[in-house]
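> Protein sequence lines, in the order shown, are assigned to chains A and B.
The letter at position 59 of the first sequence is residue 59 when you use the numbering used here, and the numbering goes up by one with no holes.
The letter at position 22 of the second sequence is residue 22 when you use the numbering used here, and the numbering goes up by one with no holes.
Don't read these hints as lab results, they were simulated from the structure.
The beta carbon of each residue, even a glycine, is placed where N, CA and C say it ideally should be.
Please note: incorrect hints may appear among the correct ones.
[Claimed, not checked] One-sided excerpt, in silico: chain B residues whose CB lies under 10 Å from chain A:
no.: 1; residue: P8
no.: 2; residue: L11
no.: 3; residue: Y35
no.: 4; residue: S39
no.: 5; residue: F64
no.: 6; residue: N79
no.: 7; residue: L83
no.: 8; residue: A87
no.: 9; residue: F103
no.: 10; residue: F104
[As the list claims (entries may be wrong)] With beta-carbon atoms standing in for the labels, derived distance ranges:
no.: 11; chain 1: B; residue 1: P61; chain 2: A; residue 2: R58; range: 21 to 31 Å
no.: 12; chain 1: A; residue 1: F93; chain 2: B; residue 2: E53; range: 31 to 41 Å
no.: 13; chain 1: A; residue 1: T5; chain 2: B; residue 2: G28; range: 27 to 37 Å
no.: 14; chain 1: A; residue 1: E16; chain 2: B; residue 2: V60; range: 27 to 37 Å
[Stated by the list, open to error] Taking lysine-lysine and the DSS-like style, the derived pairs with C-alpha atoms no more than 30 Å apart in a straight line are:
no.: 15; chain 1: A; residue 1: K69; chain 2: B; residue 2: K41
no.: 16; chain 1: A; residue 1: K69; chain 2: B; residue 2: K19
no.: 17; chain 1: B; residue 1: K9; chain 2: A; residue 2: K69
no.: 18; chain 1: A; residue 1: K3; chain 2: B; residue 2: K71
no.: 19; chain 1: B; residue 1: K9; chain 2: B; residue 2: K40
no.: 20; chain 1: B; residue 1: K67; chain 2: A; residue 2: K69
no.: 21; chain 1: B; residue 1: K19; chain 2: A; residue 2: K3
no.: 22; chain 1: B; residue 1: K67; chain 2: B; residue 2: K19
Letter by letter, the chains look like this.
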Amino acid sequence: DAKTTQPNSMESNEEEPVHLPCNHSTISGTDYIHWYRQLPSQGPEYVIHGLTSNVNNRMASLAIAEDRKSSTLILHRATLRDAAVYYCILRAFDNYGQNFVFGPGTRLSVLP
Amino acid sequence: DTAVSQTPKYLVTQMGNDKSIKCEQNLGHDTMYWYKQDSKKFLKIMFSYNNKELIINETVPNRFSPKSPDKAHLNLHINSLELGDSAVYFCASSYLQGNTEAFFGQGTRLTVV
Numbered sequence: 001d002a003k004t005t006q007p008n009s010m011e012s013n014e015e016e017p018v019h020l021p022c023n024h025s026t027i028s029g030t031d032y033i034h035w036y037r038q039l040p041s042q043g044p045e046y047v048i049h050g051l052t053s054n055v056n057n058r059m060a061s062l063a064i065a066e067d068r069k070s071s072t073l074i075l076h077r078a079t080l081r082d083a084a085v086y087y088c089i090l091r092a093f094d095n096y097g098q099n100f101v102f103g104p105g106t107r108l109s110v111l112p
Numbered sequence: 001d002t003a004v005s006q007t008p009k010y011l012v013t014q015m016g017n018d019k020s021i022k023c024e025q026n027l028g029h030d031t032m033y034w035y036k037q038d039s040k041k042f043l044k045i046m047f048s049y050n051n052k053e054l055i056i057n058e059t060v061p062n063r064f065s066p067k068s069p070d071k072a073h074l075n076l077h078i079n080s081l082e083l084g085d086s087a088v089y090f091c092a093s094s095y096l097q098g099n100t101e102a103f104f105g106q107g108t109r110l111t112v113v
């Protein structure tokens, strides 16, 4: 199975940008890069996903390296509500049995 | 309307009992999942169903039996509960294709005493 590696924890100051890295050196051509986050005492929630091009939505931006072996989730202005565990996941387009396997993720702390 | 709803939210029960957790999604998704999150906060996939058929069955004791009566429901039945089953259980749903997002329920906190 393709796997991802992320730093265990990161810290950011409120209202500053945050760049959360993810390495996925064994990614295959049909794997989508997904990011989810889990706020305290809640279920995981979708943040963003992409294949090759950078992606933007109301929550975040996803920057994907040209060789697709790494990606970065960008929170443009961190707020206290962004403190959560962020998971980077590879999801095969059409492959049964390889969906949504979560790693330990990155615990993001946001300091006021 | 809640997209993925689980019941109950909290469940406290004694060792040896049998219990069920229900999950329903109203998103029209064809794939549903059960995850277990233990005290160390690791999210482990347990089962996945696509169109009512089992497609992922991780190493889970056979005391755990998922049942999918239709595409919108995936219930988890647990027999002979043990202390180690205490955890938060999350249900999720998505379309099977990897370019779609998944939605998670709010979790069921199971405590076995």
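> For each hint given before, does the structure comply? Return the numbers of the non-compliant ones in rising order.
1, 2, 4, 5, 6, 7, 8, 11, 12, 14, 16, 17, 20, 21
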